[in-house]
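Novice: Sequence:
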Amino acid sequence: MRFKRAIEWLGRVGLAFVVLVLLYFILGWLAPQSTFRLAVMAGVVVTGVWCAIRVLRRAMRQSIWRLRDRLLVTYLFISGVPILLVAGLATLGGYSLVSQLAVYLVTSELQRRIDSLVSICESVSRSDPESRPAVMERAVDLFYRDRFPGIEILLREAGGRQIRYPEGAMPPAPLPGWQPTSGVLARDGRFYLWSYNKTSTGDITITAPITRDLLASLVPNLGLVDAGATPNGPVATVEEARGLTATNPLPPAANRFDPDVVWFATLPTDDWAHPGMGGEGFFIAVRSRVSAVLGAVFNRKADLAQGVLTSLLYAGLIVFVIVEIASWLIGIGMTHAITAAVHRLYEGTQKVIEGDFAHRIEVRGDDQLAELSRSFNRMTENVERLLVVAKEKERLQSEIEIAREVQDQLFPREVPHLKTLRVTAVCQPARLVSGDYYDYEPVGEGRIALAIADVAGKGISAALLMAALQSSLRAQLQSVSEAVPALAGGGSGAPSHTLSTSQLVSSLNRQLYATTSAEKYATFCIGVYDEPTSVFTYTNAGHLPPLLVRDGQVEKLDVNGTVVGAFPFAPYDESRVNLRPGDLLVFYTDGVTEPENAYGEMFGEDRLIALLAQNAHHYDENKIIEIVLDGVRHWTASDELQDDMTLLLARRV
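Read left to right, the sequence shown gives residues 12 to 664 (my numbering).
Because the hints were derived from the structure by calculation, they are not lab data.
All C-beta atoms in this analysis are idealised placements derived from N, C-alpha and C, irrespective of residue type, glycine included.
Be a bit skeptical, because a hint or two may be false.
As the list claims (entries may be wrong) - Once the Cα atoms are required to be at most 16 Å apart in a straight line, the calculated EDC-like pairs of lysine to aspartate or glutamate come out as:
| id | residue 1 | residue 2 |
| --- | --- | --- |
| 1 | K430 | E542 |
| 2 | K209 | D139 |
| 3 | K469 | E605 |
| 4 | K362 | E373 |
| 5 | K362 | E405 |
| 6 | K362 | E395 |
| 7 | K209 | E168 |
| 8 | K567 | E616 |
| 9 | K567 | D601 |
| 10 | K469 | D601 |
| 11 | K209 | E133 |
| 12 | K469 | E651 |
| 13 | K567 | E530 |
| 14 | K469 | D569 |
| 15 | K430 | E456 |
As the list claims (entries may be wrong) - The calculated label-pair distances, taken between Cβ atoms and stated as ranges, are:
| id | residue 1 | residue 2 | range |
| --- | --- | --- | --- |
| 16 | D378 | E607 | 47 to 57 Å |
| 17 | E178 | A284 | 21 to 31 Å |
| 18 | S586 | P427 | 18 to 28 Å |
Modelling step: build the complete structure from the supplied sequences, incorporating the hints.
Specialist: Here is the structure:
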C-alpha cells in the first residue's frame, strides 16, 4: 500500500523510473555488456533526475510555507547563488588565463629562440662564400652556444663542399625539396629547433635539440616545463627529468590561495623525412603557480607597485565582503518588516474569517505595507458597518415583503360577473411594492365601477398612498352602493338616484388632500358601467386618457379634471359613452407608454394604439395584455421594468 501511494505521488515518470531500475538490474544479470543496458541506464538517469526535482520542489513547498522562509530562499537564489557562480566563473577564468599565460610565456620564448636560429641563417646567407664559416662560428660562439646546447650547423656549398659545426658533428643533410623554413623539427623520434635557408651557392641547416635543460632555461623560476609528442612520449629520459626537477622545481606557494596550474599547447612540426609536410605532433606542458606566472609577467623591479596593487585588491575584497554582509543584514531586516506586516495581516484575516470584525491590526511605519494595514482596518470598519446596514436592510426587506403581501390583498380577488361586460387587469410593479392601483367593484345590481390610479413616486411611500386611496374609494363605493337603489325594470327605466363619478372624485380629492402632504398626489380615473343601458359614465382626474377600441379604430376618452390630492377644491366633470358589443375599453398607466429604449425614445401612445388596433378584435383580453407587455419589454431590451405597468381591460360582449 505504501509502495502504491509512493508511485501515485511520483506519477507516471516515477513508475517509469522504478521499472527502468528493475530492468537495469535484470539486464546486469542477463546481459551486462549489451547496448540496450546502456540505453536503460540513460533512461534511469533522466527519470531519476526528474523524480528528484519533483521531490525537491514538493519538499520546498511544504517546508517554506511561510512568507519569511520564501523570501529568504529568494534572497539566497538572487544574491548568494549568483555570487557563487561569479566567484566560480572568475576562479575558472583566472585559472585558465594564468595557465594559458604560463604556456604563452614558454612558447613565446621558444619562438624567440627559433628567431635567433633564423637570424644566424640570414647572417650566413648574406655573407660572401669565403667568410661564411667564420661568420657562422663567430655568431654561435659569441651569442648562441649557451642558449642552444647541442647546436649543429651544416653549410653546403657548390661543388659538394660541406662545412659542419662544431667540428666532429655529423648532422644529416636535408632531403631535396625543402624550402626556407624554421620552427620545430621531428627527426629520428626526437624534436629539434631548426632553421633552413638557401644561400647563393647552397644552403644552411641549423638544428638544436629540445632538451629539458633547454626548456628549463626558457623562463627561469616559472616551474616545470615538459615537451613531447603525442605518439612518442616525452622528449627527455628519466635521468633528464630528475635533473629538471632538481634544477627547476615547482616554485613554493606564496600563500594558501596560490595553487599550481597546468596547461598544454601544441606547435606545428616539420617532418624531416617528408619535406614540406608537417602536423601538430609537438606539445608543451607547463606546471607552475599563479605567483610565479604573475612574477614572470610583471616587472620584478616594480615590487612596490605590485605590493600596492595587491593591497588594493585585498582592500577591495574586504570592502566587497563588508558591503555584502551589510546588504544581507539590511535585506534580513526588510524581510522581517515585510513578513511581520504580512503576519499581522494574516492574523487579521483569520479574525475576520472567525467573524471578529472588531479586530484591528497594529500599524507600524509609514510605507506601503503600513498603508495596506490601515486599509485593512478601514475595510473591517466598513464591513462591520455594512453588516449593521445589511441587517437593517434585511429587516426592511422583510417588512417590504410583508407590505407586498398586504398590497396584494388590496387588489380585487374576483371579477364581478356581468352578462355584457368582461373585465381583466394586471399590475407589474417595478419594485417589490407598486404605486399603481386598479380596482373593480359592483355598485348595486347590474352596475360595476372600474378604477385605475397612478400615485406620484415609487416604493413604500407610493404604496402607502395607494392603500389610502383604495380604502377611501372602497368606503365611498360601499356607502353609495347602500344608498342607491337598484334599477327598476329593463334598459328604459331610470334610477331614482344616480351615482355621480364627479362627486365621488371630488370627495376623494378632499380626503386625500386632508390626510396627505402637499407633494403627495395621484392621477385617478373611475367609471361606472350600467348594464341595463350599456352606458359607461366616467371621470378622469389627470390620468392618461382611456382608449376605446371600436371597429378597428381607437378613440381617446376625455380628461375631466386635475390630479387628486393636490388641490382641496379642484372641479371635476364626468363623461358618458355608450358601449356597443365588441367594444374594448383600455385603461393604462405611464409605465406602459413612457419606458425608453437605448436611444432615449419612449414607447409612446402611438405604438400602444397600433398594437390595440391590430390585435383587439383577434385575441382575448389576456392575450392582448401579454402582447402589450412583451412589446414594451422588447422596446426597452431589458427584463427590468423602468416603472410600474398596469393595464385594465373591459370588453362589451
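Novice: Work down the list of hints and note, for each, if the structure agrees.
Specialist: Going through the hints against the structure:
This hinted pair checks out: K430 and E542 have alpha carbons roughly 8 Å apart, not beyond 16 Å. Note on K209 and D139: the hinted pairing holds, with a Cα-Cα distance of about 13 Å set against a maximum of 16 Å. Straight-line distance between C-alpha atoms of K469 and E605 comes to about 15 Å, which keeps the hinted pair within the 16 Å bound. Distance hint between K362 and E373 is fulfilled; the C-alpha atoms sit about 14 Å from each other, no more than 16 Å.
For a cut-off of 16 Å, the pair hint linking K362 to E405 is broken: about 24 Å separates their Cα positions. At roughly 13 Å between alpha-carbon atoms, K362 and E395 fall within 16 Å of each other, so this suggested pair holds. Proximity of K209 to E168 is assessed by CA-CA distance (about 10 Å); at most 16 Å being required, the pair is judged to hold. Under the criterion of a C-alpha separation no larger than 16 Å, the hint pairing K567 with E616 is consistent with the structure, at around 10 Å.
About 15 Å separates the Cα atoms of K567 and D601, which keeps this hinted pair within 16 Å; it holds. With a C-alpha separation of about 13 Å, the suggested pairing of K469 with D601 holds against the 16 Å cut-off. A hinted pair counts as satisfied when its Cα atoms are at most 16 Å apart, and K209 with E133 qualifies at roughly 9 Å. Between K469 and E651 the alpha-carbon distance is near 15 Å, which keeps this suggested pair within the 16 Å criterion.
Proposed proximity of K567 and E530 is contradicted: the alpha carbons are some 29 Å apart, above 16 Å. With a C-alpha separation of about 26 Å, the suggested pair K469 and D569 falls outside the 16 Å cut-off, and the hint is violated. The suggested pairing of K430 with E456 holds, with an alpha-carbon distance near 12 Å, which does not exceed 16 Å. A hinted range of 47 to 57 Å holds for the C-beta pair D378 and E607, which are about 51 Å apart.
Judged by the Cβ atoms, the range 21 to 31 Å given for E178 and A284 holds: they are separated by roughly 27 Å. At about 22 Å, the beta-carbon gap between S586 and P427 stays in the expected band of 18 to 28 Å.
Hint compliance for this structure: hints 5, 13 and 14 are not met, and every other hint is.
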